[in-house]
Amino acid sequence: MDQGKISPWQLTLLVMSFTIGNWIVLPAGTEAWQNLWLIMILALGEGLVFAYLSLLLFRRFPGKTLFEIFALVFGSVGGKFLSLLFLWFFLQTGAAALMIFVTLLKTTIFTATPDMALLVPWMLIVIYGCRRGIEVIARSNEPLIIATIFLLFISVLLVLNIFDPANLLPLFNLPLSDALWISVGIAVFPFGQNVLFLMILPRVNRRQKVTGAVLKGMIGAGGYLLLIQFLTVGVVGKVGEIYVFPSYEFYRMIDIARVLTRLELIPLLNFMTMGFIKIMLCLYALAVGTAQVFNLRTYRPLVFPLGALLLIAAFRFAPSISQHLRFVEEVNPYFGLFYSVFLPLLTLGVALVRGWLRRRVTS
Amino acid sequence: MIIFVVLVFISVFIYEAPELVEKEYWRELAVFTLLLLLSLVLSSLLVSGVKLPYIETVWIELGEGIHRVIQTSL
Chain A
1 MDQGKISPWQ LTLLVMSFTI GNWIVLPAGT EAWQNLWLIM ILALGEGLVF
51 AYLSLLLFRR FPGKTLFEIF ALVFGSVGGK FLSLLFLWFF LQTGAAALMI
101 FVTLLKTTIF TATPDMALLV PWMLIVIYGC RRGIEVIARS NEPLIIATIF
151 LLFISVLLVL NIFDPANLLP LFNLPLSDAL WISVGIAVFP FGQNVLFLMI
201 LPRVNRRQKV TGAVLKGMIG AGGYLLLIQF LTVGVVGKVG EIYVFPSYEF
251 YRMIDIARVL TRLELIPLLN FMTMGFIKIM LCLYALAVGT AQVFNLRTYR
301 PLVFPLGALL LIAAFRFAPS ISQHLRFVEE VNPYFGLFYS VFLPLLTLGV
351 ALVRGWLRRR VTS
Chain B
364 MIIFVVLVFI SVFIYEAPEL VEKEYWRELA VFTLLLLLSL VLSSLLVSGV
414 KLPYIETVWI ELGEGIHRVI QTSL
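Protein chains in written order, with our numbering: chain A, 1 to 363; chain B, 364 to 437.
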């Protein structure tokens, strides 16, 4: 298996990139529009609680991946069944990011380019990176996330002349139950998807710093997405609700003395870099997970066939972006709660009960 | 197009398999071949125009079905 090691700081940056991923161009909970940036603070809080609970699993089984924990807690058959469920989660998360990547490019810049021409070269790079191991993924992520953060700070300066605070109003015009439900949706997507890192945590060289590293990464990504959302609402106003890719539209409106215009390449660049890392991490978790399910000694030969499966899943993910938005709004909260909250908590609960029973029997 | 897809998958097999045979990683070879065949079949179906179901449509229909069952039982 992969012997590469990453530092807690690299883990923080990976968590940031993974969380920013495709949310940067396609936010969830747009029905709350002007309240969305506020709801995100609540969602981040919920996401941190969910992540902390999942990290308790790693604290109880240090050095074990999620699939190894499943095998220890539920036995061979039960563990393999839950592992297969999670393999599907990794596949679906990666396929969704890939589908959004191709939809964004097809509807904005490469309108006449065939899907295959966009996806196949992209997947080849992802497969190559994934075969090199987690260390290479973490190192390649460092300049990409720094560039992404730099572009955000530049964006704050670029929108000063078109940002209108009146666009942020009205605030608090949403029923509390709706706001809470939307916050749960955001807590599981994008924050809850970080459950994938339970496959990567054993590769961190200083295990005692893992919890802090993951939580810091989530807070960083939450702050980043909150600021992007805040700027988008302040620039495009109420009309932003109807856009499929609101941040893309907001960058289109930037106009500094008719010299700096058409800067929509910035969100594309941000998504291409962060989405790239997200898809690569999904494929890595998928390959390592499959290798563990079948007790293999290496995951590398599996990367190409699984990458091809990811590509096929992206092609047949959703018939249209509108259906994907419906999925994110109606199905994803349940789906995310099942994977990000229910299954880790169930595992933790069963592990605690079994430990307690064992102690009673021995005493 | 199918011929091209088959050629790509054969090339990948030729690239990966010898190393696995050399190291006597038989289990790895078996899983790799199985996954490669699965991807090959699905890719061939996709490029030949067979309408595979959409993942999200399946989930949405499943969710609606569960919702209907809950509503009728209440």
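Take these hints with a grain of salt, some might be off.
The following residues of chain B were derived to be distant from chain A, with all beta-carbon distances above 12 Å [as the list claims (entries may be wrong)]:
1) ILE366
2) LEU400
3) LEU415
4) THR420
5) ARG431
6) GLN434
7) THR435
Pulled a few chain B residues facing chain A out of the computed Cβ check, cut under 8 Å [said to hold, decoys possible]:
8) ILE365
9) PHE367
10) VAL369
11) TRP389
12) ARG390
13) GLU391
14) LEU398
15) LEU405
16) VAL413
17) PRO416
18) TYR417
19) ILE423
20) GLU424
Pairwise CB distance ranges, derived in the manner of DEER restraints [what the hints assert, rightly or not]:
21) B:VAL410 <-> A:ILE146: 32 to 42 Å
22) A:ALA257 <-> B:LEU401: 32 to 42 Å
23) A:SER76 <-> B:THR435: 12 to 22 Å
24) A:SER177 <-> B:VAL369: 38 to 48 Å
25) A:ILE125 <-> B:LYS414: 26 to 36 Å
26) A:GLY45 <-> B:HIS430: 27 to 37 Å
27) B:VAL371 <-> A:GLY45: 39 to 49 Å
28) A:LEU325 <-> B:LYS414: 28 to 38 Å
29) B:LEU400 <-> A:ALA166: 28 to 38 Å
30) A:THR113 <-> B:VAL369: 23 to 33 Å
31) A:ILE146 <-> B:GLU382: 17 to 27 Å
32) A:LEU157 <-> B:LEU401: 44 to 54 Å
Quick caveat, the hints were computed from the structure, so don't treat them as lab data.
Just so it is clear, the structure is predicted and the values come from calculations on it, not from any experiment.
Glycine included, C-beta positions come from ideal geometry on N, C-alpha and C.
For each hint, the structure was consulted:
No beta-carbon of chain A is positioned within 12 Å of the beta-carbon of B:ILE366; the least distance is around 15 Å. A beta-carbon of chain A comes within 12 Å of the beta-carbon of B:LEU400; the shortest separation is about 8 Å. Distance check for B:LEU415 against chain A: the nearest CB is about 5 Å away, which does not clear 12 Å, and the non-interface claim fails. Residue placement check: B:THR420 does not keep its beta carbon more than 12 Å from all beta carbons of chain A (closest about 7 Å).
Against the 12 Å criterion, B:ARG431 stays outside the reach of chain A, whose nearest CB is about 14 Å from its own CB. The non-interface label for B:GLN434 is consistent with chain A: the shortest C-beta to C-beta separation is roughly 15 Å, beyond 12 Å. No Cβ of chain A comes within 12 Å of the Cβ of B:THR435; the nearest lies about 19 Å off, and the non-interface call holds. Residue-level restraint check for B:ILE365 is violated (minimum Cβ-Cβ distance to chain A is 14 Å; threshold 8 Å).
Contact between B:PHE367 and chain A, as hinted, is not supported at the beta carbon level, the nearest pair being about 11 Å apart and thus beyond 8 Å. Evaluation of the B:VAL369 hint against chain A yields a violated restraint, the C-beta minimum of about 12 Å exceeding 8 Å. For B:TRP389, the shortest C-beta to C-beta distance to chain A is roughly 11 Å, which exceeds 8 Å, and the interface hint is violated. Nearest Cβ of chain A to the Cβ of B:ARG390: about 6 Å, under the 8 Å cut. The hint holds.
At its closest, the beta carbon of B:GLU391 sits 5 Å from a beta carbon of chain A; the interface hint therefore holds under the 8 Å criterion. For B:LEU398, the interface hint holds, since its Cβ comes within 8 Å of a Cβ in chain A; the closest pair sits about 4 Å apart. Because the beta carbon of B:LEU405 sits about 5 Å from the nearest beta carbon in chain A, less than 8 Å, this interface hint is met. Proximity of B:VAL413 to chain A is violated relative to the hint, the smallest CB-CB distance being about 10 Å (cut-off 8 Å).
For B:PRO416, the suggested interface contact is upheld, since its CB lies about 7 Å from the closest CB of chain A, less than 8 Å. Satisfaction of the interface hint for B:TYR417 is found here, the shortest Cβ-Cβ separation to chain A being roughly 5 Å, below the 8 Å cut-off. Given hint, B:ILE423 at the interface with chain A, holds; its Cβ is 6 Å from that chain's nearest Cβ, closer than 8 Å. Proximity of B:GLU424 to chain A is violated relative to the hint, the smallest CB-CB distance being about 10 Å (cut-off 8 Å).
Distance hint check: the CB atoms of B:VAL410 and A:ILE146 are about 39 Å apart, consistent with the given range 32 to 42 Å. At about 56 Å, the CB distance of A:ALA257 to B:LEU401 disagrees with the hint of 32 to 42 Å. For A:SER76 paired with B:THR435, a C-beta distance near 39 Å fails the hint of 12 to 22 Å. At about 54 Å, the beta-carbon gap between A:SER177 and B:VAL369 misses the expected band of 38 to 48 Å.
A C-beta distance of roughly 29 Å is found between A:ILE125 and B:LYS414, which places it inside the suggested range of 26 to 36 Å. For A:GLY45 and B:HIS430, the hinted distance range of 27 to 37 Å is satisfied, since their beta carbons lie about 29 Å from each other. Evaluation of the 39 to 49 Å hint for B:VAL371 and A:GLY45 yields a pass: the beta carbon distance comes to about 47 Å. A hinted range of 28 to 38 Å for the beta carbons of A:LEU325 and B:LYS414 is inconsistent with their spacing of about 22 Å.
In this structure the supplied range 28 to 38 Å is violated for B:LEU400 paired with A:ALA166, their Cβ-Cβ distance being about 60 Å. For A:THR113 and B:VAL369, the Cβ-Cβ distance of about 25 Å falls inside the hinted range of 23 to 33 Å, so the restraint holds. In this structure the supplied range 17 to 27 Å is violated for A:ILE146 paired with B:GLU382, their Cβ-Cβ distance being about 36 Å. Distance hint check for A:LEU157 and B:LEU401: the Cβ-Cβ separation is about 50 Å, which falls inside the suggested range of 44 to 54 Å.
Hints 2, 3, 4, 8, 9, 10, 11, 16, 20, 22, 23, 24, 28, 29, 31 from the earlier list are contradicted by this structure; the remaining hints agree with it.
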